[in-house]
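Student: The primary structure of each chain is shown beneath.
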Amino acid sequence: MGSNILVSVFILPLLSAVSLLFFWGRVRTQKVIGGVFISLYLVASVIQFVFVKSSGSITLDVGSWPAGIGIGFIVDLLSAFFVLLTSVVAFLSYFYVTSSSNSSSKISVFLPVFFFLIFGLNGAFIAADLFNLYVWFEVMIVSSFVLFTLGGKRAQLEGSLKYVAINVFSSSIFLAGIGILYGITGSLNMQMIGSNLPLVENRMLVSIAVTFFVVSFGIKAAIFPLFFWLPSTYHTAPVGYTALVVALLTKVGIYALLRFFTVIFPLQGTLFQPILLVLSGFTMVVGVLGAAAQTDFRKILSFHIVSQIGYMLMGIAIYTPLAIAGAVFFVVHNVLVKTNLFLVSGLVNKLFGSYKLKELGGVYRKFPFIALLFALSAFSLTGIPPLSGFWGKYILAVAGFSANQWLPVTVTAISLGVSLLTLFSMTKIWNEVFWKPNPQVVEPNFPRQSFIIEVVKQYPGMFFSIVTLTVLILILGIFPNSIIEVCMEISNSFFHK
Amino acid sequence: MDILLAILTGLIYSVAIYLLLHKGMVKMILGIMMLGYATNLFIFIIARITRGLPALIPENADSFLQAYADPVPQALILTAIVIGFGIQTFAIVLIRMVYKTTGTSDMDKLSSTDKID
Numbered sequence: 001m002g003s004n005i006l007v008s009v010f011i012l013p014l015l016s017a018v019s020l021l022f023f024w025g026r027v028r029t030q031k032v033i034g035g036v037f038i039s040l041y042l043v044a045s046v047i048q049f050v051f052v053k054s055s056g057s058i059t060l061d062v063g064s065w066p067a068g069i070g071i072g073f074i075v076d077l078l079s080a081f082f083v084l085l086t087s088v089v090a091f092l093s094y095f096y097v098t099s100s101s102n103s104s105s106k107i108s109v110f111l112p113v114f115f116f117l118i119f120g121l122n123g124a125f126i127a128a129d130l131f132n133l134y135v136w137f138e139v140m141i142v143s144s145f146v147l148f149t150l151g152g153k154r155a156q157l158e159g160s161l162k163y164v165a166i167n168v169f170s171s172s173i174f175l176a177g178i179g180i181l182y183g184i185t186g187s188l189n190m191q192m193i194g195s196n197l198p199l200v201e202n203r204m205l206v207s208i209a210v211t212f213f214v215v216s217f218g219i220k221a222a223i224f225p226l227f228f229w230l231p232s233t234y235h236t237a238p239v240g241y242t243a244l245v246v247a248l249l250t251k252v253g254i255y256a257l258l259r260f261f262t263v264i265f266p267l268q269g270t271l272f273q274p275i276l277l278v279l280s281g282f283t284m285v286v287g288v289l290g291a292a293a294q295t296d297f298r299k300i301l302s303f304h305i306v307s308q309i310g311y312m313l314m315g316i317a318i319y320t321p322l323a324i325a326g327a328v329f330f331v332v333h334n335v336l337v338k339t340n341l342f343l344v345s346g347l348v349n350k351l352f353g354s355y356k357l358k359e360l361g362g363v364y365r366k367f368p369f370i371a372l373l374f375a376l377s378a379f380s381l382t383g384i385p386p387l388s389g390f391w392g393k394y395i396l397a398v399a400g401f402s403a404n405q406w407l408p409v410t411v412t413a414i415s416l417g418v419s420l421l422t423l424f425s426m427t428k429i430w431n432e433v434f435w436k437p438n439p440q441v442v443e444p445n446f447p448r449q450s451f452i453i454e455v456v457k458q459y460p461g462m463f464f465s466i467v468t469l470t471v472l473i474l475i476l477g478i479f480p481n482s483i484i485e486v487c488m489e490i491s492n493s494f495f496h497k
Numbered sequence: 001m002d003i004l005l006a007i008l009t010g011l012i013y014s015v016a017i018y019l020l021l022h023k024g025m026v027k028m029i030l031g032i033m034m035l036g037y038a039t040n041l042f043i044f045i046i047a048r049i050t051r052g053l054p055a056l057i058p059e060n061a062d063s064f065l066q067a068y069a070d071p072v073p074q075a076l077i078l079t080a081i082v083i084g085f086g087i088q089t090f091a092i093v094l095i096r097m098v099y100k101t102t103g104t105s106d107m108d109k110l111s112s113t114d115k116i117d
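Protein chains in written order, with my numbering: chain D, 1 to 497; chain Y, 1 to 117.
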């Protein structure tokens with residue numbers, strides 16, 4: 001039963017991508033097929049999550065080889081939870097894109113690649129051995145290369161060049177790290193490496209391997225000082241195409257760090273704990289200061305991704321059950337909120353034709369409802385109760401202040417200060433985009449007097465995604481209990497084996 | 001043999017990093033390729049090299065009777081080569097596109113996405 005669920009969740013995106021390739025160029029058919037598959041995928045991952053929650057993790061050893069020889073997959077609660085998160089965001093961004101994009105040739109390329117990306121994400125979350133994780137990372141990044149370059153505008157190509165180079169570099173380091181770990185432990189399976197690693201005598205080599213993984217996952221997750229590729233890439237491509245990439249790719253880096261530092265190399269009391277703490281502090285501060293200087297809607301949001309990654313890293317680095325639970329909760333909160341903010345920026349761009357703060361304005365006067373949707377997400381990102389960001393930051397703050405060492409306490413205090421600066425940037429977007437009068441002499445090209453109803457009619461999918469995400473954020477904020485319980489269960493599973 | 005290979009790997013790594021840091025786009029592609037080769041060689045060496053002992057179980061035995069060359073790193077390298085090949089192909093097409101659109105192969109001039117305007 002369990003492995004059937006695992007296989008169906010796993011295979012659905014691949015099946016979808018392959019069948020979409022058969023209908024290359026026939027956009028209407030492709031949209032229907034994609035819609036059916038993405039809905040099936042959502043349902044399947046909900047079933048998987050419920051199954052794992054009630055009857056424990058699912059393991060699958062491909063070809064019935066014993067674990068450690070063949071390729072293995074494990075879906076534990078963390079994997080199932082992240083797969084569920086992926087499917088929700090993928091589902092919503094699918095409808096966002098299919099209703100917003102008019103160019104049929106681009107959407108025809110986009111749809112299969114989008115499903116390959118989901119396939120890669122799904123695989124990365126359930127891989128049980130390190131090399132397998134590497135392969136899924138590659139599936140993911142190659143898909144994201146295509147999504148970032150799709151359209152071929154100058155800015156996109158410039159951004160992608162840097163993105164490709166830094167990702168290839170990161171993958172090579174990752175692979176070298178895997179090589180070292182295999183060389184000293186004789187295994188690729190994460191559990192086995194974890195149990196063999198304390199017995200290794202050459203601690204120097206272990207430290208080198210761990211450093212390789214920190215650098216490689218750090219590039220993927222965009223932590224300080226390895227994040228510079230992110231703000232120069234994420235704002236270049238059309239929002240719909242890259243919503244899933246923007247939402248989840250950095251979080252896969254965080255997921256990999258979390259797995260690595262709990263299963264393979266327990267972080268507690270090692271040299272890497274203070275290093276990660278300091279890095280997380282810098283990530284938060286530098287990200288938010290970078291955002292303060294920007295004048296582009298999406299560039300501000302991109303820098304905020306970096307800043308928020310710092311919070312998640314801080315949760316991992318504090319390394320208590322509560323802190324890890326906080327980090328997982330923060331990932332969920334951040335994926336939903338960040339996706340929503342990006343989608344809103346895309347909708348504003350659709351209506352007003354720009355991302356530049358200078359050229360935008362007056363959105364509130366024309367579309368107060370869109371302004372409300374933005375404000376809810378922005379408040380949530382800042383961490384104003386009772387929205388979801390508050391709970392994430394609250395859990396992390398409690399965990400940090402109860403750590404009773406000066407370093408975690410300092411970093412937690414910094415994180416609270418960063419929230420204030422986040423509020424500053426959100427206010428800046430609010431003032432420039434929504435509040436101030438529209439600077440353009442020529443009215444943007446949307447029908448007069450029709451306002452919101454016309455917009456809903458014109459872009460039903462975009463509206464559906466944004467409203468659903470906002471509702472999810474509100475639910476997560478007002479009823480956080482059940483999600484926090486899941487996060488606690490996940491983090492407890494790492495500490496009590 | 002091991003020492004020679006180790007030095008060679010180090011050399012290839014340094015060449016790769018040098019090429020990646022260069023501002024020419026073609027040099028970047030070469031750097032990516034070199035980095036892939038260096039990593040593959042690195043895995044090959046760090047998983048211990050064994051000479052003349054293929055991973056074959058003798059005809060009338062159930063398990064290995066003596067030390068054997070581990071086939072797993074070779075399988076890893078094979079996979080990594082294939083993945084690297086795909087990425088290199090993409091990167092080559094990408095620099096061609098970048099060159100056609102921007103008219104320059106100087107990476108220092110491709111900084112418009114980093115600027116604040």
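Calculated from the structure, these hints are not laboratory results.
Treat the numbers as computed from the prediction; the structure is a model and nothing was measured.
Don't take each hint at face value.
Okay, the calculated beta carbon distance ranges per label pair [stated by the list, open to error]:
#: 1; chain 1: Y; residue 1: ALA75; chain 2: D; residue 2: PRO225; range: 31 to 39 Å
#: 2; chain 1: Y; residue 1: ASP106; chain 2: D; residue 2: LEU205; range: 51 to 59 Å
#: 3; chain 1: Y; residue 1: THR101; chain 2: D; residue 2: ALA413; range: 23 to 31 Å
#: 4; chain 1: Y; residue 1: ASP70; chain 2: D; residue 2: ASN492; range: 24 to 32 Å
#: 5; chain 1: D; residue 1: ALA292; chain 2: Y; residue 2: GLY103; range: 31 to 39 Å
#: 6; chain 1: Y; residue 1: ASN60; chain 2: D; residue 2: VAL62; range: 44 to 52 Å
#: 7; chain 1: Y; residue 1: ILE17; chain 2: D; residue 2: LEU474; range: 42 to 50 Å
#: 8; chain 1: Y; residue 1: THR101; chain 2: D; residue 2: THR295; range: 21 to 29 Å
#: 9; chain 1: D; residue 1: VAL62; chain 2: Y; residue 2: PHE64; range: 22 to 30 Å
#: 10; chain 1: D; residue 1: VAL398; chain 2: Y; residue 2: THR101; range: 44 to 52 Å
#: 11; chain 1: D; residue 1: SER39; chain 2: Y; residue 2: PHE64; range: 44 to 52 Å
#: 12; chain 1: Y; residue 1: ASP106; chain 2: D; residue 2: GLN268; range: 31 to 39 Å
#: 13; chain 1: Y; residue 1: ILE57; chain 2: D; residue 2: ASN4; range: 44 to 52 Å
Just so it is clear, CB atoms sit at the ideal spot from N, CA and C, and this is done for glycine as well.
Student: Hint says 31 to 39 Å; check whether the CB-CB distance for ASP106/Y and GLN268/D agrees.
Tutor: 48 Å, violated
Student: Quick check: does the Cβ-Cβ distance between VAL62/D and PHE64/Y fall within 22 to 30 Å?
Tutor: Because 24 Å falls inside the window, the suggested range holds.
Student: Can you tell me whether the CB distance of VAL398/D to THR101/Y sits inside 44 to 52 Å?
Tutor: 51 Å, holds
Student: Can you tell me whether the CB distance of ASN60/Y to VAL62/D sits inside 44 to 52 Å?
Tutor: About 31 Å separates the Cβ atoms of ASN60/Y and VAL62/D, which means 44 to 52 Å is violated.
Student: Within 44 to 52 Å: is that where the Cβ-Cβ distance between SER39/D and PHE64/Y falls?
Tutor: Holds - the Cβ-Cβ distance for SER39/D and PHE64/Y, about 51 Å, lies within 44 to 52 Å.
Student: For the range 21 to 29 Å, tell me whether the beta carbons of THR101/Y and THR295/D fit it or not.
Tutor: 24 Å, holds
Student: Between ASP106/Y and LEU205/D, does the C-beta distance stay in 51 to 59 Å?
Tutor: Cβ of ASP106/Y to Cβ of LEU205/D: about 40 Å, so the range 51 to 59 Å is violated.
Student: Is 42 to 50 Å respected by the C-beta to C-beta distance linking ILE17/Y and LEU474/D?
Tutor: 49 Å, holds
Student: Holds or violated: 23 to 31 Å for the Cβ distance of THR101/Y and ALA413/D?
Tutor: Cβ of THR101/Y to Cβ of ALA413/D: about 47 Å, so the range 23 to 31 Å is violated.
Student: For the range 44 to 52 Å, tell me whether the beta carbons of ILE57/Y and ASN4/D fit it or not.
Tutor: 35 Å, violated
Student: For the range 31 to 39 Å, tell me whether the beta carbons of ALA75/Y and PRO225/D fit it or not.
Tutor: Roughly 35 Å apart at Cβ, these two residues keep to the hinted range, so it holds.
Student: Honestly, do ASP70/Y and ASN492/D meet the 24 to 32 Å range at C-beta?
Tutor: 37 Å, violated
Violated hints, in rising order: 2, 3, 4, 6, 12, 13; the structure is consistent with all others.
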